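Peer 1: One-letter residues, chain by chain:
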Amino acid sequence: MVSTTTSAPVPSATAAAGERSQRNVKTLPLVAPSVVILFLWMIVPLAMTLWFSFQYYNLLDPSVGGFAGFENYTFLLTDPSLLTAMMNTLFLVFWVLVITVGFGTLLAVLFDQDFYGRGIARLLAIAPFFVMPTVSALVWKNMLMHPVNGLFAFFARSLGLPAIDFFGSFPLTSVIIIVAWQWLPFALLILLTAIQSLDSEQKEAARMDGAGPFSMFFFIILPHLGRAISVVIMIETIFLLSVFAEIYVTTSGGPGLASTNLAFLIYLRALREYDVGGASAAGIIAVILANIVAIFLVRSIAKNIAD
Amino acid sequence: MHPRTREKLILTVVGWFAAGLIFFPIFWMVLTSFKTEVEAVATPPKLFFTPTLENYITVRERADYVHFAINSIVISVGATLLATLIAVPAAYAMAFFPGKRTKDLLLWMLSTKMMPAVGVLIPIYLLFRDTGAIDTRWGLIVVYTLMNLPIVVWMLYTFFKEVPKDILEAGRMDGAKPKQEVWMLLLPLSLPGIASTALLSIILCWNEAFWSLNLTTSQAAPLTTFIASFSAPEGLFWAKLSAASTIAIAPILVFGWMSQRQLVRGLTFGAVK
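So the sequences go chain by chain: P and C.
Anchor point for the first sequence: position 281 equals 281 in UniProt numbering, and the numbering is continuous, going up by one each time.
Anchor point for the second sequence: position 80 equals 80 in UniProt numbering, and the numbering is continuous, going up by one each time.
The shape of chain P in the complex, shown without the other chains:
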């Protein structure tokens, strides 16, 4: 058996350096399956979406067809619903980030302190992350935010206030509350991990120099968390750009388009209105949005893989 792998994407470079002199392992057949299927998974459907976005294509009307040029895009970009969906998407991402990173940082500092039963309290605090999105959305919608029988309505009435019709009056805000509740534990977990990697000698030294809790937070902990916070922001953004299930089971994007984000708009266009061309054009816009974030994230990861 010839064990030279000149055509392999991952030739054993270190073997040449003598470190792996014992044997040359053919890495190509080992890596190839993963690479090939991921490539197919990413490139083929994406190319198809791109192709569809330049076509007239309606699932219900076979007479519609042919090359559309940029018409799907111009139609989409002049359609006010795209702008609404984009604004809703960004609004949702922004506020969920503010809530999760803000409270996540405070909670991470809190759970870094030593107190009785900290381990169990931490388990309770990270629990929402493991609840499936359809369950959390329905629990919030029915049992907490329901305008008649919900717990919040009961509290409001006990205080003599009118009950809030969450999904009727503040649909997008309600979705934001639910999504933020699901992602808060994620921010907490990662920021807590980062805080715990802070050198305790450094903290001790600052304390010796007379740093109070506030200067400690702003001058020692927060600068140390900078990287972790940016990673939380990037990863959450990628997931939050395509929030779907929470909208699907609570508001269905309504009333009107009030809580429709880009992901939900694409779903409505493609699987409810059967307009494949238009939905594909919107899909391409979603991919571009996510890629802008992904570039920064990949750079950040690359720095850490280096060692």
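Simulated from the structure, these hints should not be mistaken for laboratory data.
Quantities reported herein were computed from a predicted structural model and do not represent experimental measurements.
Any given hint might turn out to be false.
[Unchecked claim] Incomplete in silico selection of chain P near chain C, CB under 8 Å: (1) M42; (2) Y116; (3) I126; (4) L159; (5) L161; (6) Y248; (7) L268; (8) G283.
[Said to hold, decoys possible] Covered by chain C, per the in silico footprint, the following chain P stretches (three or more residues, Cβ under 8 Å): (9) 44-52; (10) 139-145; (11) 170-177.
The beta-carbon is built from N, C-alpha and C at its ideal position, and this holds for glycine as well.
Following the hints, put chain C in place on chain P, whose structure we already have.
Peer 2: Quick look at chain C alone, frame taken from chain P:
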């Protein structure tokens, strides 16, 4: 009282209050699952009541619940096994025989995870429709395998890198073939890592709700889709919804608690240590 002790007591109160507030919706759901339907919607809400198992019995007796639960198990475990099977050789090659482009390859794999699913919803949907894969378990298994493959490769890669090379080297000296080396040395040595990788993959599959809502209706629908059916106005049985939800999230919650450390590693792709 000693100021240190007092500080600790205050922190305990604040810490537990914060944790309780975050956990409250889950607690309330579990509580509701032990109420009757009338008590579940009662105002003022009932905190004290005679608990009943009626909802759990009803949910269990409805054969379709078991059907959805089995779908969830088969799909999550199937996709996890498949992804691990494909990922182990790749992670092994990248961890022990790194080349110039290994890092780029790894980054590229992770970057596929960053593509929003809606960007490829339409082609995948049409492909599934034309091949009869809509509402089949294997269809969802394929999607979930691909969805989690980058994370599984990445996590296995980081765990394999922690295995001391000397041990594998020694095995090789003793004449172990590559297959033996992987099966009898690498896999047993990194078993805890493989287990937590599998656990994370199962969690992600179990809770996935974009593809399952779009690609399944009844035959292959997992619990996420089943629970979503309660959102219809005629399906407002809060106590039964709570019981069904409690069973649906309980095993995953335990898994999640068990693997919280590795979770950070897997979900941040090593960007936070």
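Peer 1: Now tell me if each hint is right for this structure.
Peer 2: Hints versus structure:
1. The beta carbon of P/M42 comes within 5 Å of a beta carbon in chain C, closer than 8 Å, and the hint placing it at the interface holds.
2. Here the hint on P/Y116 is kept, as its CB sits about 4 Å from the closest CB of chain C, short of 8 Å.
3. Interface restraint check: P/I126 against chain C, minimum CB-CB distance 6 Å, threshold 8 Å, status holds.
4. Evaluation of the P/L159 hint against chain C yields a violated restraint, the C-beta minimum of about 13 Å exceeding 8 Å.
5. Given the 8 Å rule on beta carbons, the hint for P/L161 is violated: about 15 Å separates it from the nearest Cβ of chain C.
6. Satisfaction of the interface hint for P/Y248 is found here, the shortest Cβ-Cβ separation to chain C being roughly 6 Å, below the 8 Å cut-off.
7. Interface restraint check: P/L268 against chain C, minimum CB-CB distance 11 Å, threshold 8 Å, status violated.
8. Because the beta carbon of P/G283 sits about 5 Å from the nearest beta carbon in chain C, less than 8 Å, this interface hint is met.
9. Counting residues of the segment 44-52 of chain P whose CB lies closer than 8 Å to any CB of chain C gives 6, so the stated coverage by that chain holds, three being the minimum.
10. Given as covered by chain C, the segment 139-145 of chain P passes the check, having 6 residues with a CB less than 8 Å from a CB of that chain where 3 are the minimum.
11. With 0 residues having a Cβ less than 8 Å from any Cβ of chain C, the segment 170-177 of chain P misses the three-residue criterion, and the hint is violated.
Comparing the model with each earlier hint shows violations of hints 4, 5, 7, 11; every other hint is respected.
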